[in-house]
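In order, the protein sequences belong to chains A and B. Per my numbering, the very first residue in the first sequence carries number 1; after that it's consecutive. Per my numbering, the very first residue in the second sequence carries number 1; after that it's consecutive.
By construction, these hints were calculated from the structure, which means they are not laboratory data. Treat the hints with caution; some may be incorrect.
Now the in silico label distances, taken between C-beta atoms and shown as ranges [as the list claims (entries may be wrong)]: (1) B:G157 with A:G64: 26 to 34 Å; (2) B:A21 with A:Q195: 23 to 31 Å; (3) B:T250 with A:D8: 19 to 27 Å; (4) B:L108 with A:R54: 56 to 64 Å; (5) B:G157 with A:S56: 26 to 34 Å; (6) A:R106 with B:L108: 48 to 56 Å; (7) A:G74 with B:R51: 45 to 53 Å; (8) B:T250 with A:Q121: 27 to 35 Å; (9) B:T250 with A:A65: 52 to 60 Å; (10) B:I170 with A:Q121: 50 to 58 Å; (11) A:P124 with B:A21: 45 to 53 Å.
So, partial list: chain B residues that the calculated Cβ filter (under 7 Å) puts toward chain A [as the list claims (entries may be wrong)]: (12) A43; (13) L155; (14) D248; (15) Q253.
Think of the CB as a built atom: it goes at the ideal place given N, C-alpha and C, for glycine as much as any other residue.
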Amino acid sequence: MPLLEVRDLCVKYGAIPALHGLSLSVEAGQIVTLIGCNGAGKTTTLRTISGLLRPSGGSITFNGAPIHTLSTDGIVRLGIAQAPEGRGIFGNLTVDENLSLGAFARRDRAGIAKDREWALQLFPRLRERLRQNAGTLSGGEQQMLAIARSVLARPRLLLLDEPSLGLAPQIVQTIFHIIRTIREERGTTILLVEQNAHMALHTADYAYVLEVGRIAMHGPAARLAASDAVRKAYLGVA
Amino acid sequence: MKSQIQDHARSLRGSSLPALATAMIPLILLIFGAAKLDEFVAASFDRYHLRVMMDVGIAIVLAVSLNIVNGYTGQFSIGHAGFFAVGGYVSAALTYYVTMSVWGEAILIETPVSALWPFPHLPPVGAWIFVGAAILGGLVAAGAGYLVGLPSLRLRGDYLAIVTLGFGEICRVLLERSNPQFFDVDSMREATVADWLPLPLGSAQGFTDVPKYTSLFWVYAFVAVTLVFAYRLKQSATGRALLSIREDETAAQAMGVNVTLYKVRAFVFAAFFAGLAGALYAHQPGTILRPLDAGFMRSFDVIIIVVLGGMGSISGATLAAVLLTVMAEWLRDPTHVWYLALYIGLARVALTPRDNWRDLVVIGSSAVALESCRAAGLFALSFPLLSVQVTGYELVYATLLVVFCILRKDVLRGVLFVAGVVAFAELVRWLALKYPVVRFGPTEIPLRLGDYRMVIYALLLVSVMIFRPQGLLGLKEIWDFLPSRRHAPRTAAPRVSGR
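Produce the complete structure using the sequences and hints provided.
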């Protein structure tokens, strides 16, 4: 049984449909990526899974139980954390306070302390800046904070929305390296939404290609990366 | 490494006793301070000054409580006076009618609490009735806060502001439509249901003759409770959740914060303390509770304090509450404009080019010292300059300002500033003395500068907002400006050494 199963998902913004019957499944322990162009519905999919948007049809089951009727905080408590698009950093709070808010839904203080230490090992830059206001961090550091913060929820499924957005290529490399590390050290299942198809396919185990609200293609990431259609449309190879 | 984790775990867990102690020790010290303030200060000031000091305390409770909604949570509420009035009316009606039905008339009950023999200094029975009524008033206000918080589930910004404004106005109209007050036991006994419903809260004429329990002690004891609560709340997980809603509501949801629940909580906390402030106001000597106390003018007074102090800053709200309440009174004497300009000049020079804590301390303490000298009548030398008498203190202030400008290597600006301030203030004063009356043909218009104090007050607010739009302290607390703790965290962070 997959950890996350999305079936025939329909989402509308008012009268305008954004997703028409999207289905995907994420196996436990995998990194699954969802790639596609602007406006294909990638962020909509993530926001619907995390409960920020309500589907007009279809179902989302997590670990066998339907979650598409739950509130966002209820979904976080079940073990789905996300680093929202545009990082969603609390700019006027310190890095430390941001991290504490990541663990907001948890009550096991010893476990939080341990995870906090682990997250700071992943991102040593954040340790240097614990007492600084998060708004004063650079773009890359803010993205690191967003990921560290979501990891502190100790999720079973981590939703990452465009972690490479607006970052220098070198930092993108670092971020993707850390995404792999999180899966390897924690066994966290990751659903990664990306426009940077090259890095995403390189990192993920399985990939879905999204085109105007529908899954156009899916398969093991390596196979998709080798397919002509994907190479032409998303990897910029003639 | 492992021990660091354990240390951090311990610091997070904290046993319940130290946590309680960290909240209780400052609280007990502050309440003790309030008792001492009452004992020493109350005897040596007249009723007017005592009243201003109490008004300051009530303004602090109101501002710090509104700050929980407007500052911490970032929700714009403009109905705070509604909660204030609910607390005030509920507590006033309780003490008034309970005292009347038990003792026959609504007077101060000075019967000592003799049953509690080991504590002979405990306040008398009446004071306990007052505290009980105040807490009940706060709880009813908190209930109202819950009801107002509910619409904020969906509303943001302006829309929420309209809902809260509506709440305040509903309170005002309901109070205006209340029944007349019962002034003696007999009319209370003979009253029919129609006299009791709507409640006999004095209608538009206001609710009077409430026993005057509010003293400096009670005001500052309640200030202490409010400040400690607001501070502890800000440090807690709940407080962080509120701050995260202010910063980014969607991201807060993504962290698992139940945004709805926490917004309602913010309203309930704020309303409770506003209710307490209302209870203090209702029992203050010289007060008549009026339906207008629920109106939006009073709400705006509180909002101005919160915005001026800096959103979310407890010390900022406290500072602004003191400054604005005192200033509104102080400007009744137009000659004070002179000092005001100099104070502002000094603060402005000290705060350029960066927030300079030490200079501000020097200026603040010398101002306090000078004002004390003046109050005690020391160094009362004065001599004529232009048309009026200039005292030694004014000269000292001006000298201080010049010295700071020289230290800042900005002599020209400093001298110009002093000259400008002096010239303007003297011109105003000279005009006021020379032309106490303006004549337009046969009509005479008396020119009393004191009447224009709210104009000066408003101009000052405008200039603060222009020069410091984030408020006096911004999002920071006053101790964040101390040099050694510039980057100190607002929460207790564990000390983890870098590798």
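Going down the list of hints, with the structure as the test:
{"no.": "1", "hint": "B:G157 with A:G64: 26 to 34 Å", "in the structure": "40 Å, violated"}
{"no.": "2", "hint": "B:A21 with A:Q195: 23 to 31 Å", "in the structure": "53 Å, violated"}
{"no.": "3", "hint": "B:T250 with A:D8: 19 to 27 Å", "in the structure": "26 Å, holds"}
{"no.": "4", "hint": "B:L108 with A:R54: 56 to 64 Å", "in the structure": "59 Å, holds"}
{"no.": "5", "hint": "B:G157 with A:S56: 26 to 34 Å", "in the structure": "27 Å, holds"}
{"no.": "6", "hint": "A:R106 with B:L108: 48 to 56 Å", "in the structure": "53 Å, holds"}
{"no.": "7", "hint": "A:G74 with B:R51: 45 to 53 Å", "in the structure": "52 Å, holds"}
{"no.": "8", "hint": "B:T250 with A:Q121: 27 to 35 Å", "in the structure": "29 Å, holds"}
{"no.": "9", "hint": "B:T250 with A:A65: 52 to 60 Å", "in the structure": "24 Å, violated"}
{"no.": "10", "hint": "B:I170 with A:Q121: 50 to 58 Å", "in the structure": "56 Å, holds"}
{"no.": "11", "hint": "A:P124 with B:A21: 45 to 53 Å", "in the structure": "36 Å, violated"}
{"no.": "12", "hint": "A43", "in the structure": "45 Å, violated"}
{"no.": "13", "hint": "L155", "in the structure": "18 Å, violated"}
{"no.": "14", "hint": "D248", "in the structure": "5 Å, holds"}
{"no.": "15", "hint": "Q253", "in the structure": "4 Å, holds"}
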